[in-house]
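There are 2 protein chains.
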Amino acid sequence: MSMIEMGQRARTAARQLARAKTDQKDATLVALADRLAADRAAILIANAQDVAVAQASGLSPAMLDRLTLNEARIAGMATDLRNVSTLSDPVGEIFEASTLPNGLAIHKQRVPIGVLGVIYEARPNVTLDVAGLALKTGNAVILRGGSETLNSNRALVAVIQQALQESGLPAAAVQFIDDADRARVTELLQLDQYVDMIIPRGGAGLHQFCREQSHIPVITGGIGICHLFVDASADLGSAVKVIYNAKVQRPTVCNALDTALVHRAIAAEFLPRLVDQLAPAGVTFRADVSAQPFLTNDMRVSPAGPDDFDTEWLSLVLGLKVVENLDEAIAHIAAHSTAHSDGILTRADAHSARFIAEVDSAAVYVNASTRFTDGSQFGLGAEVAISTQRLHARGPMGLRELTTYKWVVIGAGHVRP
Amino acid sequence: MSMIEMGQRARTAARQLARAKTDQKDATLVALADRLAADRAAILIANAQDVAVAQASGLSPAMLDRLTLNEARIAGMATDLRNVSTLSDPVGEIFEASTLPNGLAIHKQRVPIGVLGVIYEARPNVTLDVAGLALKTGNAVILRGGSETLNSNRALVAVIQQALQESGLPAAAVQFIDDADRARVTELLQLDQYVDMIIPRGGAGLHQFCREQSHIPVITGGIGICHLFVDASADLGSAVKVIYNAKVQRPTVCNALDTALVHRAIAAEFLPRLVDQLAPAGVTFRADVSAQPFLTNDMRVSPAGPDDFDTEWLSLVLGLKVVENLDEAIAHIAAHSTAHSDGILTRADAHSARFIAEVDSAAVYVNASTRFTDGSQFGLGAEVAISTQRLHARGPMGLRELTTYKWVVIGAGHVRP
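So the sequence lines, in the order shown, correspond to chains E and W.
Last residue of the first sequence: number 425 in our numbering, and the count goes up by one each step with no gaps.
Last residue of the second sequence: number 425 in our numbering, and the count goes up by one each step with no gaps.
Derived by calculation from the structure, the hints in this document are not laboratory data.
Heads up, some of the hints might be wrong.
Claimed, not checked - List of simulated lysine-lysine pairs, DSSO-like, C-alpha gap at most 27 angstroms:
{"id": "1", "chain 1": "W", "residue 1": "Lys29", "chain 2": "E", "residue 2": "Lys29"}
{"id": "2", "chain 1": "E", "residue 1": "Lys249", "chain 2": "W", "residue 2": "Lys116"}
{"id": "3", "chain 1": "W", "residue 1": "Lys249", "chain 2": "W", "residue 2": "Lys116"}
{"id": "4", "chain 1": "E", "residue 1": "Lys29", "chain 2": "E", "residue 2": "Lys116"}
{"id": "5", "chain 1": "E", "residue 1": "Lys249", "chain 2": "W", "residue 2": "Lys249"}
Unchecked claim - Pulled from the structure, derived: some chain E residues nowhere near chain W, Cβ distances all over 10 angstroms:
{"id": "6", "residue": "Glu13"}
{"id": "7", "residue": "Asp34"}
{"id": "8", "residue": "Ala191"}
{"id": "9", "residue": "Gly210"}
{"id": "10", "residue": "Ile364"}
{"id": "11", "residue": "Ala370"}
{"id": "12", "residue": "Ser377"}
{"id": "13", "residue": "Glu391"}
To be verified - Derived DEER-like restraints, expressed as beta-carbon distance ranges:
{"id": "14", "chain 1": "W", "residue 1": "Gly213", "chain 2": "E", "residue 2": "Thr94", "range": "47 to 53 angstroms"}
{"id": "15", "chain 1": "E", "residue 1": "Asn78", "chain 2": "W", "residue 2": "Gly213", "range": "54 to 60 angstroms"}
{"id": "16", "chain 1": "E", "residue 1": "Ala56", "chain 2": "W", "residue 2": "Glu220", "range": "20 to 26 angstroms"}
{"id": "17", "chain 1": "W", "residue 1": "Leu108", "chain 2": "E", "residue 2": "Thr87", "range": "17 to 23 angstroms"}
{"id": "18", "chain 1": "E", "residue 1": "Ala361", "chain 2": "W", "residue 2": "Pro109", "range": "24 to 30 angstroms"}
{"id": "19", "chain 1": "E", "residue 1": "Gly176", "chain 2": "W", "residue 2": "Asn91", "range": "47 to 53 angstroms"}
{"id": "20", "chain 1": "W", "residue 1": "Pro109", "chain 2": "E", "residue 2": "Thr107", "range": "36 to 42 angstroms"}
{"id": "21", "chain 1": "W", "residue 1": "Ala342", "chain 2": "E", "residue 2": "Leu108", "range": "39 to 45 angstroms"}
{"id": "22", "chain 1": "E", "residue 1": "Thr107", "chain 2": "W", "residue 2": "Ser65", "range": "48 to 54 angstroms"}
{"id": "23", "chain 1": "E", "residue 1": "Ser68", "chain 2": "W", "residue 2": "Ser384", "range": "35 to 41 angstroms"}
{"id": "24", "chain 1": "W", "residue 1": "Pro109", "chain 2": "E", "residue 2": "Ser106", "range": "32 to 38 angstroms"}
{"id": "25", "chain 1": "W", "residue 1": "Arg27", "chain 2": "E", "residue 2": "Gln216", "range": "28 to 34 angstroms"}
We put the CB at the ideal spot given by N, CA and C, even for glycine.
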C-alpha cells in the first residue's frame with residue numbers, strides 16, 4: 009500500500025472514529041485486552057524472531073531488554089488498555105459555554121485531532137500504548153516503529169485490527185508501516201493532507217528530523233535538562249532527599265535531575281553533605297568553579313567542562329554550581345534549561361512565588377522532585393508524550409491533549425447586524 | 009539591525025514583558041492611545057507619503073482605501089486600544105487545579121507564548137491592533153507589514169516604542185522590519201530560536217509560503233469556503249434571511265457564505281424564492297445540475313463549473329446545490345469545506361444534533377448566519393486571527409489564544425516512590 013493510500017484510509021477511518029460513542033470505544037479497548045491475552049503465543053513467537061535478529065546484530069543489552077516481550081509484559085499491556093477504558097472520554101466535552109447578549113448560545117466542544125503519525129523506536133509496548141490512547145480519543149493513527157520490532161509490531165497490529173473489526177470499528181483506525189525502509193518515515197512526514205499531528209518518541213535527533221522534514225505540526229519534547237535550586241532557606245535534610253530522588257530514582261529518563269544550583273549561604277554545609285549522600289548510589293559530580301572550593305580533594309567530584317551544564321546526562325552524573333542569589337539561579341535556568349522541569353527548594357514564600365512567576369518551564373516545582381513530570385503522576389491517567397514546545401500542549405500530554413475543539417453556535421434565525 | 013539581532017532583542021523583551029503586571033500593561037495601552045492622538049499629524053504625513061506612492065503605482069481603489077489613514081481612523085485605533093486595556097488579562101489565570109492523592113498541589117497557569125512574528129499586508133491599522141493584543145498578553149512581536157505601508161508603519165511603530173519606553177517597558181517588545189526586501193520575510197520565518205509563533209494575515213498564498221518556509225508553528229486560517237444547508241424542516245422565511253445575511257452583508261470576508269445546499273423536498277419552493285430575494289442585492293448564482301431544474305430560464309443563474317464548489321468567492325456569487333438528505337449535505341461539506349464556518353437551518357432537533365456531531369468545522373452553526381465567526385461577535389473582545397488549523401486554537405483567536413500554560417507543582421519535600 010502506498011503511503012498516500014494509507015493516509016486516505018486513515019482519514020476515512022478518522023471520520024468514522026470521531027462519531028464512535030464512548031461505550032463502543034471502551035468496549036473495543038477491553039476486547040483488545042482480551043484478544044492480546046488470547047493471542048499471546050503468536051505475539052511471543054513474532055517477538056522471539058525480532059530478539060534473535062537483534063542478538064545476532066549485537067544490539068545492546070538495554071535495547072534488547074526494551075525489545076523483549078514476555079507473558080508478564082503482555083499482561084501489563086492488557087492491564088494498561090483496561091485502565092484507559094476506565095478513564096473519562098474527553099471527546100464531546102463542552103466548555104466555555106455562554107449565551108451572548110444577542111441570544112446566540114455558544115460553546116466549545118472537544119473533538120478528536122484526526123490522524124496522528126507516531127514515530128518511535130525499539131519498545132513494542134508503545135504500539136499498544138499509542139493505539140489505545142488514539143482509539144480512546146477517536147483519533148486514527150499511523151504507526152512507524154523501529155526496524156528491530158518489525159515482526160512484533162506486525163503481530164500486535166494484526167491483533168489490534170482484528171479487535172477493531174470485531175467491535176465494528178474500521179481496521180484502518182490503526183495502521184502500521186510494515187517496511188523498514190527509512191524513506192517511509194520521510195513520506196509519512198510529508199502527508200500534510202492526511203496527517204494532522206506528528207508525535208516523535210525518541211531522541212533529539214528524531215525530533216529535529218521531524219521538524220525539518222515536515223510541515224505537519226510536530227510535538228517536540230522529551231529532552232530535559234532539569235534543575236533544582238537549593239535556596240538559603242531550604243530545609244537541607246529535605247533538599248538532599250529530593251535531589252537524591254530526582255537524580256537516582258531513574259536516571260535514564262527526561263525528568264531526571266541534571267544540575268543542582270546551591271545558594272552560596274548554605275553551600276559550605278550543603279555541598280559536602282549532598283556528595284556524601286549521593287555518591288554511595290553511584291553518582292559522580294561535575295562542579296563549576298563556583299562549587300569547587302567547597303569540595304576540594306574530593307575524588308568523586310570533577311571540574312565541569314564547558315558543555316556540561318548544557319548536557320542532558322541520562323545517567324548518574326550531577327552538575328553542581330553555587331549561585332549568589334535567586335536571580336542568578338533563575339538566569340542560569342533561563343540560559344541552560346530545556347524548559348522541561350525545574351524547581352526550587354525553599355521555605356521563603358516570596359522566593360517560591362518569584363521562581364514560579366519567572367521560570368518558564370513546562371513544569372515548575374516548589375519543594376518536590378522533578379521526577380513527577382509524568383502523565384500518570386499528574387493524574388492524567390495516561391501519557392502520549394511530554395511536550396517542551398509552547399503551542400497546543402506543554403508538559404505531560406494525556407487524553408485531553410489528543411483533542412482539539414470546535415465552536416458550536418446555536419441561534420434562532422440570527423443574522424449579523 | 010540583523011534579523012538575528014532583532015530576534016535576540018525580542019526574546020529579551022519577551023522575558024521582561026512576561027513579568028509585567030496587568031496594571032502596567034493596561035496603563036501602557038492607554039498611554040499609547042493618548043500618544044496616537046497627540047502624534048497624529050506626524051502619522052498622517054507619513055501615511056500621505058505611502059498613499060502618494062501607491063496612487064502613482066496604480067494600486068487598486070480598494071487597496072488604497074485600506075492603506076489610507078485619517079483623523080477618524082486614528083481615533084478608531086485609539087479607541088480599540090482603550091477597549092483592549094479593559095479586557096481581562098489571561099496571563100496568570102490558573103486552571104485545572106487539583107491536589108493529588110500524595111498531597112502535591114498542581115495547577116496549570118497561563119503564560120505568554122513568547123515572541124510572535126506577524127506578517128501582513130496593506131492595512132496600517134493591523135500594526136496597532138497586533139501590537140495592542142501582543143502587549144496585553146505579554147508577548148513580544150516582530151511585525152512585517154506590506155511594502156506599501158512602510159512610512160506609515162515606521163511612524164506608528166515609533167509612537168508605540170515611545171509609549172513602551174515611557175511606561176517602563178522595553179521598546180523591543182514591538183519591533184518592525186523596516187525594509188521592503190522580501191528576503192527579510194524568509195529570514196523571519198527561519199528565526200526558530202527566537203520566534204515561537206508565526207501569524208500570517210493575508211491570502212492563501214502567504215499562508216502556504218509561511219508553512220513551507222518555516223519550522224516555527226504557523227497559525228493558518230482565514231480561508232473560508234462556507235456552507236449553509238437548508239433542511240426540509242427549515243423555516244423558509246428565516247432561511248432566506250439568514251442566507252441573505254451570510255452572503256450579502258459583507259461578501260469580501262472569509263466568513264461569508266459560498267454555497268447553499270437545499271433539501272430536495274423544499275427545493276421547488278425555496279430556490280426560486282432565494283434567487284428572487286438575493287438577486288436584487290447583486291447576487292449571481294452558480295447552480296449544480298441538481299439545482300438547475302428548479303431554476304430554468306433564469307438569467308441570474310449560471311451552471312456551476314467543475315471548480316465552483318471549491319472556490320472561496322469573496323464576492324456576490326453563491327453556489328446552489330440540491331441534496332437528497334442530511335447525509336449528502338454533510339458529505340458535500342466534508343468534501344468541499346475549508347472547515348471554517350458551516351451551518352444547518354432546520355427545525356428538526358435530531359438533524360441539528362447530527363450536523364453538530366458530524367460536521368467538523370472551526371465553527372458549526374444551527375439557525376444562524378456564518379458571518380458571526382469573529383472574535384468580537386463571539387465575545388472574545390478582540391481577534392488576532394481566525395484559525396482553520398486543528399492544533400492550539402480553532403476559529404477566532406482572542407487574548408487567551410495568544411497564551412500557553414505551564415504546570416506548577418507545589419510539594420513539601422515530595423519524592424517519587
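Evaluated hints:
{"no.": "1", "hint": "W:Lys29 <-> E:Lys29", "result": "violated, 45 angstroms"}
{"no.": "2", "hint": "E:Lys249 <-> W:Lys116", "result": "holds, 26 angstroms"}
{"no.": "3", "hint": "W:Lys249 <-> W:Lys116", "result": "violated, 44 angstroms"}
{"no.": "4", "hint": "E:Lys29 <-> E:Lys116", "result": "holds, 19 angstroms"}
{"no.": "5", "hint": "E:Lys249 <-> W:Lys249", "result": "violated, 70 angstroms"}
{"no.": "6", "hint": "Glu13", "result": "holds, 18 angstroms"}
{"no.": "7", "hint": "Asp34", "result": "holds, 18 angstroms"}
{"no.": "8", "hint": "Ala191", "result": "holds, 21 angstroms"}
{"no.": "9", "hint": "Gly210", "result": "holds, 18 angstroms"}
{"no.": "10", "hint": "Ile364", "result": "violated, 5 angstroms"}
{"no.": "11", "hint": "Ala370", "result": "violated, 6 angstroms"}
{"no.": "12", "hint": "Ser377", "result": "violated, 5 angstroms"}
{"no.": "13", "hint": "Glu391", "result": "holds, 13 angstroms"}
{"no.": "14", "hint": "W:Gly213 <-> E:Thr94: 47 to 53 angstroms", "result": "holds, 48 angstroms"}
{"no.": "15", "hint": "E:Asn78 <-> W:Gly213: 54 to 60 angstroms", "result": "holds, 56 angstroms"}
{"no.": "16", "hint": "E:Ala56 <-> W:Glu220: 20 to 26 angstroms", "result": "violated, 45 angstroms"}
{"no.": "17", "hint": "W:Leu108 <-> E:Thr87: 17 to 23 angstroms", "result": "holds, 21 angstroms"}
{"no.": "18", "hint": "E:Ala361 <-> W:Pro109: 24 to 30 angstroms", "result": "holds, 26 angstroms"}
{"no.": "19", "hint": "E:Gly176 <-> W:Asn91: 47 to 53 angstroms", "result": "holds, 52 angstroms"}
{"no.": "20", "hint": "W:Pro109 <-> E:Thr107: 36 to 42 angstroms", "result": "holds, 38 angstroms"}
{"no.": "21", "hint": "W:Ala342 <-> E:Leu108: 39 to 45 angstroms", "result": "violated, 28 angstroms"}
{"no.": "22", "hint": "E:Thr107 <-> W:Ser65: 48 to 54 angstroms", "result": "holds, 49 angstroms"}
{"no.": "23", "hint": "E:Ser68 <-> W:Ser384: 35 to 41 angstroms", "result": "violated, 59 angstroms"}
{"no.": "24", "hint": "W:Pro109 <-> E:Ser106: 32 to 38 angstroms", "result": "holds, 34 angstroms"}
{"no.": "25", "hint": "W:Arg27 <-> E:Gln216: 28 to 34 angstroms", "result": "holds, 31 angstroms"}
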